[in-house]
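Colleague: Residue strings, one per chain:
6 protein chains.
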Amino acid sequence: MTDSNLDRSAAQKPFRRLLLTGAAGNLGKQLRGALAAWADVVRVSDIAPLGEVSEHEEASVVDLADAAAVHALLEGVDAVVHLGGISVEAPFEDLLEANIRGLYNLYSAAQKQGVKRVIYASSNHAVGFHPVTSVVDTDAPLRPDTLYGVTKCFGESLSRYYFDRFGLETVCLRIGSSFEQPRNPRMLVTYLSYRDFIELVRCSLFTNRVGHAIIYGVSDNRISWVDNKKAAFLGFRPQDSSAQFEHLFPASAPHTQFDDPTQRFQGGPFVLAGPMEPKR
Amino acid sequence: MTDSNLDRSAAQKPFRRLLLTGAAGNLGKQLRGALAAWADVVRVSDIAPLGEVSEHEEASVVDLADAAAVHALLEGVDAVVHLGGISVEAPFEDLLEANIRGLYNLYSAAQKQGVKRVIYASSNHAVGFHPVTSVVDTDAPLRPDTLYGVTKCFGESLSRYYFDRFGLETVCLRIGSSFEQPRNPRMLVTYLSYRDFIELVRCSLFTNRVGHAIIYGVSDNRISWVDNKKAAFLGFRPQDSSAQFEHLFPASAPHTQFDDPTQRFQGGPFVLAGPMEPKR
Amino acid sequence: MTDSNLDRSAAQKPFRRLLLTGAAGNLGKQLRGALAAWADVVRVSDIAPLGEVSEHEEASVVDLADAAAVHALLEGVDAVVHLGGISVEAPFEDLLEANIRGLYNLYSAAQKQGVKRVIYASSNHAVGFHPVTSVVDTDAPLRPDTLYGVTKCFGESLSRYYFDRFGLETVCLRIGSSFEQPRNPRMLVTYLSYRDFIELVRCSLFTNRVGHAIIYGVSDNRISWVDNKKAAFLGFRPQDSSAQFEHLFPASAPHTQFDDPTQRFQGGPFVLAGPMEPKR
Amino acid sequence: MTDSNLDRSAAQKPFRRLLLTGAAGNLGKQLRGALAAWADVVRVSDIAPLGEVSEHEEASVVDLADAAAVHALLEGVDAVVHLGGISVEAPFEDLLEANIRGLYNLYSAAQKQGVKRVIYASSNHAVGFHPVTSVVDTDAPLRPDTLYGVTKCFGESLSRYYFDRFGLETVCLRIGSSFEQPRNPRMLVTYLSYRDFIELVRCSLFTNRVGHAIIYGVSDNRISWVDNKKAAFLGFRPQDSSAQFEHLFPASAPHTQFDDPTQRFQGGPFVLAGPMEPKR
Amino acid sequence: MTDSNLDRSAAQKPFRRLLLTGAAGNLGKQLRGALAAWADVVRVSDIAPLGEVSEHEEASVVDLADAAAVHALLEGVDAVVHLGGISVEAPFEDLLEANIRGLYNLYSAAQKQGVKRVIYASSNHAVGFHPVTSVVDTDAPLRPDTLYGVTKCFGESLSRYYFDRFGLETVCLRIGSSFEQPRNPRMLVTYLSYRDFIELVRCSLFTNRVGHAIIYGVSDNRISWVDNKKAAFLGFRPQDSSAQFEHLFPASAPHTQFDDPTQRFQGGPFVLAGPMEPKR
Amino acid sequence: MTDSNLDRSAAQKPFRRLLLTGAAGNLGKQLRGALAAWADVVRVSDIAPLGEVSEHEEASVVDLADAAAVHALLEGVDAVVHLGGISVEAPFEDLLEANIRGLYNLYSAAQKQGVKRVIYASSNHAVGFHPVTSVVDTDAPLRPDTLYGVTKCFGESLSRYYFDRFGLETVCLRIGSSFEQPRNPRMLVTYLSYRDFIELVRCSLFTNRVGHAIIYGVSDNRISWVDNKKAAFLGFRPQDSSAQFEHLFPASAPHTQFDDPTQRFQGGPFVLAGPMEPKR
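Residue numbers (UniProt numbering), protein chains in the order written: chain P, 1 to 280; chain R, 1 to 280; chain U, 1 to 280; chain V, 1 to 280; chain D, 1 to 280; chain L, 1 to 280.
Misleading hints may appear alongside valid ones.
Since the list can't tell identical chains apart, any single copy or any two copies may satisfy a pair.
Stated by the list, open to error - Straight line, CA to CA, 20 Å or less: simulated DMTMM-like cross-link-like pairs of lysine to aspartate or glutamate:
1) K229 to D139
2) K112 to E89
3) K13 to E199
4) K116 to E52
5) K229 to D137
6) K279 to D220
7) K279 to D63
8) K112 to E93
9) K230 to D139
10) K29 to D63
11) K29 to E277
Since the hints were derived computationally from the structure, they do not count as laboratory data.
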């Protein structure tokens, strides 16, 4: 459309409208501000309240399991950053609604609405049953460590299908531990600073072609269990490292319970977290 | 139990009780007889009527989406051959109930009931978006060609989780086209004779350790798109070939529509089959 | 065209017109008869006289270095079996005309005339500098053993380009030693029976999609230096073996000149054959 | 020779005589000065005028297609930096003379004159038909994106042959875009600064053994389509990056024509540049 | 030497003198007769008595730990089949003498005496700690399952050194279970018939160049844990299979002790056999 | 033990007792001070005199070939840094005692005394027969360049066995050239600064799980023949580089004796050093 292109050029922003799901969550909050610089309109969505809404924002409280609502949510959207859904282990029923049915609704709507690209928050828990004495690249066999991790594998397969079938592009971000700072020794390895997280989303949105890509979301930490070399075309170069936090967890002799699965596998405590019984 | 071991020894059959789901389907019917030789009791199950029930059989009409029924179904079972669920493209809602919720019910029950092994009917449609000019092995990246294929990827991830978490073993059979004979030229490549199918299940049940294994279910056809070398520990050596049926599809010059996706990808017509709209 | 399709159906042959270059050579003679069964018209071509011409044949003596003649030669052709050019080491000038300029003429004409597929006689001498103590697959790095081998590498690159650029398909046959019988111990390894050669061409012509494929042309000999597993989609299953000729070369203790390059590399005597001085 | 060794020691320069072909071109001009520090005599050559000739230089206007002239050119040379020939898409006839016949002349002469090493300007267009969503290493299959790229593949094969056959070493530099600064967004990925180019040549000349090596010539840009890890023995560590030029090409939403081949493949606009018709 | 060549020609046997160590053992006895056909003189050796000595044989009782005796033993020998040493788990002291010091003596003597090739009885116990749910090829990481297996790894490294340093060729045979017939279910997988064993030695002796090769010694059994594709240049095609013995071990449900290491690893009972205490 | 844990907490040091063998050698001296910060007690051992003993140290002159002495040496030890044994080419008899029998004594004692981890000084000479034009990762095939290198291969196999059999962890450090500064051009590639060496040991001791790991001990030098990517879980990030010493070895034209094995292989002069004759 010549008209809207004219407007956009005046606005100096590359995207007309970006959708951010899970906008009320920890990472959603980090990203909400950054997106303002990249799009004329930022549509924010969550199942939880979204707080104060800026002038450039459109806010929408939506349950991802509600197909009609999700189709409306995707209307007029150029690209989606999908952080919505459940991001920890939970009873299967809950995961099924949020991460399986909800994700299908999102992709079905995105395809029908002509959305070009989804940035999908997958997780390192899709491969958490690889041992801590190995380094996995983005082609490593899936080894989910929870039912939550299984739903992330589902998301990677579903998005692959929408790319192969319709050309709808996705970047799957296998995010590690993105908090202010690592909370335990394991997070020294999986730490992703907020700054690096935002840069990772930026690379995923602006790289001209991404196809269906998988990339680990970790900062440039000293110890690494992952290898992003096959995703170098995305241009993600982390600027931070957990090294500054190593003093918080003084060196100790290696843990003495050799067979403790929470120490043996990359997923850490997640490997024993599931399956959870349904809530009454 | 000493008593039951005594009984089994007298019965001369290696398994006490095998469960066959999807027993009323095309392949279920082929297998039903064969299982009698391997187990004292064969529990057969389907959502459809199961026909005449033999003396050594226990029949049970069950909807896999009914968790309580599935838990009852798994009681006292040594191993499962799981052919149940939907095996073609279908509306997502239907696939969700049968192939996702249903499969979770099956594994959840199997783990709680102490079942040792599941033979899971996955499908070559989990990798159907690989081109026909490539050969995929059992570690090839997942490329589902339908939503149905996506649910088969889900099943492979879920069963991997139950193995890594609980040691519950699974063999995923990526079955090609198992009919009396190939029905079109593509099936010359994907053909699995009934005899080879039964042998594949036999290998999967009797190999002493299988861990979490993936294997393609195809006969020794002239043209092959798959490579089972990493599954050689299962000992599956197909005896049949589609060569005897090649005369049914006389040689023709290569298809002239070069970009036709049903000709370019291993999934054939499946690659355009989905997603299907929900039935009203 | 409806008309010609009608005609072809009456003729019961899958191709309307096949072109065979190098038809007067050793392998061309083997193939000339076989092609009659696959095409209504077989256009045969060589720089040398073509002998008696059958009713279904069109004969044309052409120098491949003559662009205009080659463009005329390709007119109305469905597919080409290109055995033409020089198939042994020769002065660079000669190779340049026949195997480089000539091949460019062929592909340029084929693309412009709408030809769908070329079966290209490459050679195991494109990889002849791999040691005899290794096994190379169809992705192995190129290691030409002669300037002749270098021109075969050129042909593989040129045909790759025409496929990536225009979708013109090619099967590169890295033919070993195709004679009545092996002439020395090395040929026990590289032997390709005439029957297997014809079958290899048949597979290459009739497989529905081949993209740009590379395959070694060897029979099922006891010792093998090559591995065709990545070309299994072509369905070539050799029926013959050099085993029946092993008695011609009685076992002897290994050759005592350890560093003799003609014994160390797969190319055998070729590795010392070039470069040849131009003829006066 | 004891005498000349004495001389060279006095001169404090590691090489006695280096030959630079293509010395009048863009990169040739960059390199001409640098070579002075490394050799007593720098022989510069081009088909175009060579400008002012320094005291330590020997200038020679030569057409590479002229075998006798090339043989004379190589006399007394220790090593060659071969930038000569055509470096963009051109009619096949022209490429044949400059990049095929010319290159053969160069290697034939180098071998006969006892030259020890050639630094050969190959190109990333030898692999330009790999998609921009992949990362290629130095063993990746050849995928030329032009007839020009096909001639670079020829050069890599020819030089491999001369190494395997005669021990004449070559480093193939798959040079990206070496200009003052990137001229379009694609060149942010393929940019090679002049300083890094000179360092790349220095590493290639001075590494004690190089065998037949292939290395990508790119600076340490943020986005990368290539991986030089197998060439780490050459010690090339780029000092520059295109990051300083990213502001020249403001971020925009991804290009909307999804199937545009110039956006899908690493070769960019080259993938549609050829084949070119001969000039009249 | 012209003279001896003349003699050998008259004798019609390819080798002048072969040495067989371990000739009094199980496999040595199988091979002793076969070697007569391949060499004018067969020198047989063991630490145990060698029984009746044929006319074409030279018998020598030698302790491999005796360097001088071993040097004498190798004199005038063309090639060695080295079955000597300890072939089961044993106290380290014993293994050190027979399999480490003894093997060094053998290679040191072979090199000094100009022997061209050694056929070395390595063992699948060099890789016995790979799981039974994997397939290992000849490049798989070493995973010895006993101190005995560690000494076989030593032998593979030592022989590699003698090849790289002196060009002394070795074929390492990773022999499975070579008996009249399998003695337990595991041996159905590792079975090597005597006929196939002799053929394996024949291939290893007569292949013109072997370099330093590793190959698994197993028949064409239904279940396989190993992959010899990289050793296809040796031409070993087993003729036998353990399938004829499967009836000896009737099918049973998989073993119920999931974590039993003797069931989980390819080495079977060997994985718990060591280390053994020294004998008093 | 609650008591000793109390004590250790007071002492603020992560290990109670570390053993350093080879403490009187070049690298042992570097490490001796560093260990004081990590353990309450540092037990130092060598076959040579150990000099002044600090308050926190226990000194013990021990011949590793003396089994009883080694068993006593390992008593009460948490972890071992094993630098002992011979670290250059030597007569086989000497290597056998120090590096084979001695190492077995160490592991046998460590396992019996309940030691949890060994840091084992392996060597790049375990892979020294790889060419200088290749880059080896930690899974590269073993290519020892000396009998010394063969004993390092033995150590890597033996320690693998103790890990697979008993869970005794080992990090194999393939140390390059660790001196004050490089002594020749080759050492510019293999240089490991003392500071980086100490950091490498620190990483190996303190990483929570190491399993059986292999890592190259080199600083971040410009030229690299090795690749530690599969050992990234150890977190070793070298801080130093040999670049500061490059001026000591002025650039020269490549060495002119092309076939000189000391120039062709990574092991440098070691490749011709052995085997050495026994000392009288």
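Colleague: Indicate, hint by hint, whether the structure satisfies it.
Modeller: Hints, verified against the model:
1. Within a single copy, K229 and D139 get their C-alpha atoms as close as 11 Å, and across copies as close as 15 Å, so both meet the 20 Å cut-off.
2. Taking the shortest Cα distances, K112 and E89 sit within 20 Å of each other only across copies (19 Å), while inside one copy they are farther apart (31 Å).
3. For a Cα distance limit of 20 Å, the shortest separation of K13 from E199 inside one copy, 17 Å, qualifies, whereas the shortest one across copies, 39 Å, does not.
4. In this assembly of identical chains, the alpha carbons of K116 and E52 never lie at most 20 Å apart, being 28 Å within a copy and 54 Å across copies at closest.
5. In this homomeric assembly, K229 and D137 come within 20 Å of each other (Cα to Cα) both inside a single copy, at 8 Å, and across copies, at 11 Å.
6. With identical chains, the CA atoms of K279 and D220 are never at most 20 Å apart, being 39 Å at best within one copy and 50 Å at best between copies.
7. Proximity of K279 to D63 under the C-alpha cut-off of 20 Å is restricted to the intra-copy arrangement: shortest distance 19 Å within a copy versus 23 Å between copies.
8. Taking the shortest Cα distances, K112 and E93 sit within 20 Å of each other only across copies (18 Å), while inside one copy they are farther apart (27 Å).
9. When the C-alpha separation of K230 and D139 is checked against a cutoff of 20 Å, the pair qualifies both within a copy, at 8 Å, and between copies, at 15 Å.
10. In this assembly of identical chains, the alpha carbons of K29 and D63 lie at most 20 Å apart only when taken from the same copy (18 Å versus 43 Å across copies).
11. For the identical chains of this complex, K29 and E277 are neighbours neither inside a copy (30 Å) nor across copies (36 Å), given an alpha-carbon limit of 20 Å.
Checked against the numbered hints above, the structure breaks hints 4, 6, 11 and satisfies the rest.
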